[in-house]
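Asks: Residues per chain, in single letters:
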Amino acid sequence: MPPLLEMLGIVRTFGAVRANDNINLTVQSGEILGLLGENGSGKSTLMKVLYGMLPPDSGDIRFRDAPLDAKSPFDAIKAGIAMIHQHFMLVEAMTVTENILLGWPGGGQVLKHKQMAEHIRQASRRFGLDLDPDARISALSLGRRQRVEILKAILRDAELLILDEPTSNLAPTEVRELLDIMRRLRSEGKGIVFISHKLPEVLDVCDRVVVLRAGKLAGEAAVASISREQLAEMMVGRNVPMPRVTEGEHRRGALRLSVRGLSATGLSAITFDLRGGEILGIAGVDGNGQLELAEALAGLRPVTDGIVLIGDHDATQASVTARVEMGLAYLPADRSHTALVKAMTVFDNLMLRDSRRPPYGTRALLTPKTGVARARDLMAQYDIRAPGVDFVVGQLSGGNQQKVVIARELSRAPTAVVAHQATWGLDPGATRFVLDQMIALRQQGAAIVYISSELEEILSISDRIAVMAGGAIAGVTPNRNVDLRQIGLWMSGRHA
Amino acid sequence: MIEFLAASIRIATPILLAALGGILSERAGVFAVGLEGMMLVGAFGATIGTWASDSAYAGLVLALVGGAAMGLVVSVVAVRFRADNMVTGLAANIVALGLTSYLMRIIASSGAPIAIHNTLLPVLPIPGLVDIPEIGPLLFAHPPLTYLTLILCIALTFLLNRTQIGLTLRATGENPEVVYASGLNPLLVRMLAVIACGAVAGLGGAVLSMQQVGTFTDSMTSGRGYLALAALIVGRWTPWGAAAACLVFGAAEAFELRLQGFGVPVSSYVVQMVPYLIGLAVLAGLGRNSRMPAAIGLPLHRDR
Ligand SMILES: Nc1ncnc2c1ncn2[C@@H]1O[C@H](COP(=O)(O)OP(=O)(O)OP(=O)(O)O)[C@@H](O)[C@H]1O
Ligand SMILES: [Mg+2]
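So the sequences go chain by chain: W and E.
For the first sequence, the positions run 1468 to 1963 when the numbering used here is used.
For the second sequence, the positions run 77 to 380 when the numbering used here is used.
Hints are computed from structural coordinates only; laboratory data are not their basis.
Careful, some of the hints might be misleading.
[As the list claims (entries may be wrong)] Partial selection, computed: residues in chain W whose CB lies under 10 Å from chain E:
{"id": "1", "residue": "Lys1545"}
{"id": "2", "residue": "Gly1547"}
{"id": "3", "residue": "Leu1557"}
{"id": "4", "residue": "Phe1739"}
{"id": "5", "residue": "Leu1951"}
{"id": "6", "residue": "Ile1954"}
{"id": "7", "residue": "Leu1956"}
Note that the Cβ used here is the ideal one computed from N, Cα and C, for glycine as well.
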């Protein structure tokens, strides 16, 4: 039987960057193919070429045994391809039904909302998706939004599903459910391309993997015959184990961050003390107050009660800028809105919060010469892969955008750090790099609050672990012989 | 009283038509600053068309075509070439004012009578209904374009909420990238929406010149396009909301005329400010929570 999809000799360049360099790829019906590679290796580009969003410079595509030359997503959708993007493609102000109807020829010219809603309810039940057709997208969690995208693809009878980093911002239970849905689609004979940086889930769900490196095909393997270490090596050319901090490597410093009874909307009575040289890992299922805590600490969310001390300063009512001057760095989870101005250049984004200080400028004027030199250094040091400091951030690959944020915040030599989902969308190598940076800052005496839904990372770098549930801290434990069962109980909100 | 309400409806009709056009444009994501110019060209086209051919139908067609042409210009500049919506709209208004005044002079100097005067469209009482006491004459004795406005209001509500076209249009105003990824063409959607906006607003101009004045005078819309803009904001970008706002504005103006008739010293400037003040208050009240289309005024991506 011929393969469902065949891509042959795909080349796509952006100026001097060869994002895809002669790539061949096949997908069979009833197969889940893992597409792996470091940040900027060309995965999203290859899929956008397939989906008709980017014309290739050269190369051929065959789909369902016929040539496919998609000039726009319209052609790809018609041929039976659905793509779920790294950043969701849903209209937030509209309902689930409206989003599914959008651009769907099966919906007819005059919309039958009621009938469609019933159809959606049934289909969502059949696939175990459990969606309310009348819910507005803006009211749904990220996991739910993804289900809307999946349902949209299913209802359009897509034969091939492209999932670009679908698990990056899902809670662990949501990930498990997604993988189940993928298996069910596979058993119905659909082909799936699954892009992910998380090797365990790739090994769990995929049949075969293809690895890209710097735009080129770097390897291919059946999952049954490969180990996690081998896979990591194929991706980055070396194995990248998690780092491990051990207690007593260095002395604790003075009190750097002190939080007493901190309350805000969605946050109740958070209390902890953090000394210099200490990392407090905050675990928990996403959406249990982590965002609220991070924002309250950074000064982005009004505090209703309690106090925050940064060093000796009372920062409870301090502005964002004042907190930066007290030595606080903030890595927000939502990079596209809070952390970066996507339409501005790498340089602009690097100096964004420091433009009033050398080397970027003085109180009144910018000093571009020294500033640009500094930005170049940071690009090299943090391995930001872009053609130059004048490159627009929005055009960088997802992982490289995140590196810009990290470079800006951590290069300031902060004394206190609040990091929320800092490795969101980063490949294993870059993840390791961020964790190493955190450890280095700890060694230099910074106090770090490391909020993540990746328990593995928390276990790897924390001195102490706190678990959040329902907007409060459910429990705290030193990172020594941790009882994972206990952590799980705390996460589920039960105080055992 | 009946007379006062009828006056309100009369004043509201052209503004509402322009506002309906504006809703098409803004729900697709393009600020409808050019409404004033579109109305003006519509009023001009209606006058010239009727006068030259002696047929009201030709006048209507020319009003539609003229308004649509303005819409086409705005859509090419603001959508296709991604120019700023505000600047484009204002420029279109200025061009429309200059162009219509200039063409009027040319026609006048080419031997036509100095004042073109067409007979007004007649009132069409709806048989039976018009005999209902009190409300009959108020609701069922209007010239044809007033009924058409009501029909358009119903049709636009249906179009926006119940059809694939309306859904696509709204989605384009909210998030054009999603529309593109769904296999549709947001650029085309926006261009067509702005052209349709021009046609409907042109009809609004035709109401003025064919139904209320009978001729074209320089700058005869005198700010009604901006009033329509205020009405669609107050009406939260929905046809019925805009209709309600237009009736309130119409009533305010009718009231002012009445007061002046009785010799009460109110400054007309104060009364004219009212709609815009309401508009500003609504905008401020809406705040970030507004139902304003999320992607309004934002240009489409370069590579789409
Ligand atoms: N629109 C664009 N203009 C210029 N360069 C681009 C554009 N899109 C992608 N690139 C470049 O192409 C390369 C591949 O990017 P791509 O987004 O495909 O990477 P990726 O493998 O998806 O990475 P990630 O895992 O970080 O999402 C990068 O170097 C990126 O900067
Ligand atoms: Mg990508």
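Asks: Hint by hint, say whether it matches the structure.
Replies: These are the hints, each one checked on the structure:
no.	hint	in the structure
1	Lys1545	holds, 7 Å
2	Gly1547	violated, 12 Å
3	Leu1557	holds, 6 Å
4	Phe1739	violated, 32 Å
5	Leu1951	violated, 40 Å
6	Ile1954	violated, 38 Å
7	Leu1956	violated, 39 Å
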